[in-house]
Amino acid sequence: MGVRMDYITLAFLLAIVGLALIFIELFVPSGGLIAILCMVAFIASVWCAYRGWWRESPGYFWSFTGGLVMIVPAFIFGLFRILETTQLGDRILLSAPRSEDVTPYQAEQERLSALIGQRGQALGMLNPGGLVRVGDQRLHAFTEGLVIDPEEWVEIVEVRGTRVVVRRAGDPAALLDERRVAAEPRPADELLNSADPSPPTQLDFELPQG
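Numbered according to this note's numbering, the sequence shown terminates at residue 1241, and the numbering increases by one at each position without gaps.
By construction, these hints were calculated from the structure, which means they are not laboratory data.
The structure presented is a predicted model; accordingly, all values stated were derived computationally and were not measured.
It is possible that some hints are incorrect.
To be verified - Using C-beta positions, here's what the derived DEER-type ranges look like:
| no. | residue 1 | residue 2 | range |
| --- | --- | --- | --- |
| 1 | PHE1111 | ILE1074 | 22 to 28 Å |
| 2 | THR1040 | LEU1068 | 17 to 23 Å |
| 3 | PHE1111 | ARG1194 | 33 to 39 Å |
| 4 | MET1070 | GLY1192 | 39 to 45 Å |
| 5 | ALA1105 | LEU1162 | 54 to 60 Å |
| 6 | TYR1136 | ILE1055 | 34 to 40 Å |
| 7 | GLU1115 | TRP1085 | 39 to 45 Å |
Glycine included, every Cβ here is placed at the ideal spot set by N, Cα and C.
Generate coordinates for the entire structure from the input sequences, incorporating the hints supplied.
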């Protein structure tokens, strides 16, 4: 009788030890060692319950085993639910970012995306990262391997994170002058002079004389 009670007591104690090890596993990085000890504790608990109840009261053994099977997942679920509501749990569990933390980042990306195609000047050498001025805004920018000198004109071509990707671009004023000159109508005499001025080719043969 005494030995039987010792096995039953050990079964309950080992079950409690297994639950405690689950709790410790969340706080102490062990590379899975604590999880293995937890499994050993539960298996030993079931074995002690078998030795204590199987011969005289097998119903108690099955009740204990079934209760353990239900208690362990319920304990884990409840533990995670409690940790989710505490600051300590936020440090342990990798929870999804909150909307108020993500929204500013998304708003900044949308603002920078609206600047794609616009031109500005490098405030310093981009080698490959640095600052550029677009309008009245100072932006963090970088190039894809090219070195751009200070005050050189650049164009925004892409947004990556909270920085813009730029490439070398010509002076907008010079490009505008070139387009204006190309669009101006040309006088008729220039059009005539631009044609081939060479005289028509003379026929090199003699007419037969009668």
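These are the hints, each one checked on the structure:
no., hint, in the structure
1, PHE1111 with ILE1074: 22 to 28 Å, "holds (23 Å)"
2, THR1040 with LEU1068: 17 to 23 Å, "holds (20 Å)"
3, PHE1111 with ARG1194: 33 to 39 Å, "holds (37 Å)"
4, MET1070 with GLY1192: 39 to 45 Å, "holds (43 Å)"
5, ALA1105 with LEU1162: 54 to 60 Å, "holds (57 Å)"
6, TYR1136 with ILE1055: 34 to 40 Å, "holds (36 Å)"
7, GLU1115 with TRP1085: 39 to 45 Å, "holds (40 Å)"
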